[in-house]
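Engineer: What follows is the residue order along each chain.
Number of protein chains: 2
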Amino acid sequence: MASTDKPVDTEYSRPTSSAQPHAGVDLFKFDVILRFLLFAASLVSVVVIVTGNETKFLPMPRPAKFRYSPAFVYFVAALSVAGLYSIITTFASLYAIKNPAVRAKLLLHFILWDALILGIIASATGTAGGVAYVGLKGNKHVNWNKICNVYDKFCRHVGASVAVALFGSVVTVLLIWISAYSLHSRVPK
Amino acid sequence: MASTDKPVDTEYSRPTSSAQPHAGVDLFKFDVILRFLLFAASLVSVVVIVTGNETKFLPMPRPAKFRYSPAFVYFVAALSVAGLYSIITTFASLYAIKNPAVRAKLLLHFILWDALILGIIASATGTAGGVAYVGLKGNKHVNWNKICNVYDKFCRHVGASVAVALFGSVVTVLLIWISAYSLHSRVPK
Numbered sequence: 001m002a003s004t005d006k007p008v009d010t011e012y013s014r015p016t017s018s019a020q021p022h023a024g025v026d027l028f029k030f031d032v033i034l035r036f037l038l039f040a041a042s043l044v045s046v047v048v049i050v051t052g053n054e055t056k057f058l059p060m061p062r063p064a065k066f067r068y069s070p071a072f073v074y075f076v077a078a079l080s081v082a083g084l085y086s087i088i089t090t091f092a093s094l095y096a097i098k099n100p101a102v103r104a105k106l107l108l109h110f111i112l113w114d115a116l117i118l119g120i121i122a123s124a125t126g127t128a129g130g131v132a133y134v135g136l137k138g139n140k141h142v143n144w145n146k147i148c149n150v151y152d153k154f155c156r157h158v159g160a161s162v163a164v165a166l167f168g169s170v171v172t173v174l175l176i177w178i179s180a181y182s183l184h185s186r187v188p189k
Numbered sequence: 001m002a003s004t005d006k007p008v009d010t011e012y013s014r015p016t017s018s019a020q021p022h023a024g025v026d027l028f029k030f031d032v033i034l035r036f037l038l039f040a041a042s043l044v045s046v047v048v049i050v051t052g053n054e055t056k057f058l059p060m061p062r063p064a065k066f067r068y069s070p071a072f073v074y075f076v077a078a079l080s081v082a083g084l085y086s087i088i089t090t091f092a093s094l095y096a097i098k099n100p101a102v103r104a105k106l107l108l109h110f111i112l113w114d115a116l117i118l119g120i121i122a123s124a125t126g127t128a129g130g131v132a133y134v135g136l137k138g139n140k141h142v143n144w145n146k147i148c149n150v151y152d153k154f155c156r157h158v159g160a161s162v163a164v165a166l167f168g169s170v171v172t173v174l175l176i177w178i179s180a181y182s183l184h185s186r187v188p189k
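Chains A and B, in that order, give the protein sequences.
Each residue of the first sequence is one higher than the one before, counting from 1 in full-length UniProt numbering.
Each residue of the second sequence is one higher than the one before, counting from 1 in full-length UniProt numbering.
Calculated from the structure, these hints are not laboratory results.
Keep in mind that the hints are not guaranteed to be accurate.
The list makes no distinction among identical chains, and a pair is therefore deemed to hold if it is satisfied within one copy or across any two copies.
With a Cα cut of at most 30 Å, we get these calculated DSS-like pairs of lysine-lysine [unchecked claim]:
#1 K105 - K65
#2 K98 - K153
#3 K105 - K137
#4 K140 - K29
#5 K146 - K98
#6 K137 - K29
#7 K98 - K29
#8 K65 - K98
#9 K56 - K153
#10 K29 - K146
#11 K65 - K153
#12 K65 - K189
#13 K137 - K153
#14 K105 - K140
#15 K140 - K153
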């Protein structure tokens, strides 16, 4: 709880010159852009795979939906979490642009949470990609027939979605990199 | 390019007391342990999935091998890279225990590389796990029959291998966390 008689001119009581030499590089604007990209990638990825439903008549109607595969369900859940996370952290990053005092602390939390989200997105991309590859190529050793020659629209959607999620994973790695670099630049030599 | 007449006693010309207040927490011993765990996890994971070969006679001999599935081949490749990486970084971490001067720089590089390795391990675990799950449960929507009721030994090996790789992913997240925390503790308040 903040004290009621808060000092008005904190800037004067604490000279900024002591903090100045270790201010480090400021990559928060770049951070905001990357987080927005992560949000866009998550949104596109989820929308594309969800809208991939396709029904073929062979000879009775047989639909293909993402929710028929646990791998794709996990994928949609993970990317939704990533999208939500990127919205929250975009605002946190914008807040840090206005309040330089919180930056060092925020960079630490960004790395901690980004690492967790990276694990989730990367594993989800791998899971969906692995199952999609079986759908594309089949596996004759275990008699899993390829399905992408039948469900072409569904497979295009899944493939595009996985590709966009892969892009999202790369963006998350970049986010960790710039946070780590910014944090390191604040350490006195 | 370094000058040829480099100063011999750098420690004396630059007093250590100025660096002392921001020395930060030292988690390198913990780092070494985690990196060894990552190595052990990678090794066990690769060995277990490679030794899972199983041949069933139904009625002709039909073997199950990890290299029949591109997902498992990627898994073995990724975990081998992670194992090799963990050996190299264990030595780097041991070097940092003896040479405190390199720590801040090394922590930055640890975070950069660990994030990349995390992306690789997590995606490989997801890929192998996704395909293994299809093998375990099948998918009646696309007529992919479950195979783990036939190849029980092979599936046990794959399952154990994926579980150990998941543990390795968690260890890698922890590695990023302690590096980020150590780096943050060196930033002056």
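Engineer: For every hint, state whether the structure bears it out.
Structural biologist: Hints, one by one, checked against the model:
no., hint, result
1, K105 - K65, "neither (43 Å within a copy, 49 Å between copies)"
2, K98 - K153, "neither (46 Å within a copy, 59 Å between copies)"
3, K105 - K137, "neither (47 Å within a copy, 45 Å between copies)"
4, K140 - K29, "neither (50 Å within a copy, 48 Å between copies)"
5, K146 - K98, "neither (53 Å within a copy, 56 Å between copies)"
6, K137 - K29, "neither (43 Å within a copy, 46 Å between copies)"
7, K98 - K29, "within (11 Å within a copy, 38 Å between copies)"
8, K65 - K98, "neither (45 Å within a copy, 57 Å between copies)"
9, K56 - K153, "within (10 Å within a copy, 37 Å between copies)"
10, K29 - K146, "neither (45 Å within a copy, 50 Å between copies)"
11, K65 - K153, "within (11 Å within a copy, 32 Å between copies)"
12, K65 - K189, "neither (56 Å within a copy, 53 Å between copies)"
13, K137 - K153, "both (16 Å within a copy, 25 Å between copies)"
14, K105 - K140, "neither (53 Å within a copy, 50 Å between copies)"
15, K140 - K153, "both (23 Å within a copy, 20 Å between copies)"
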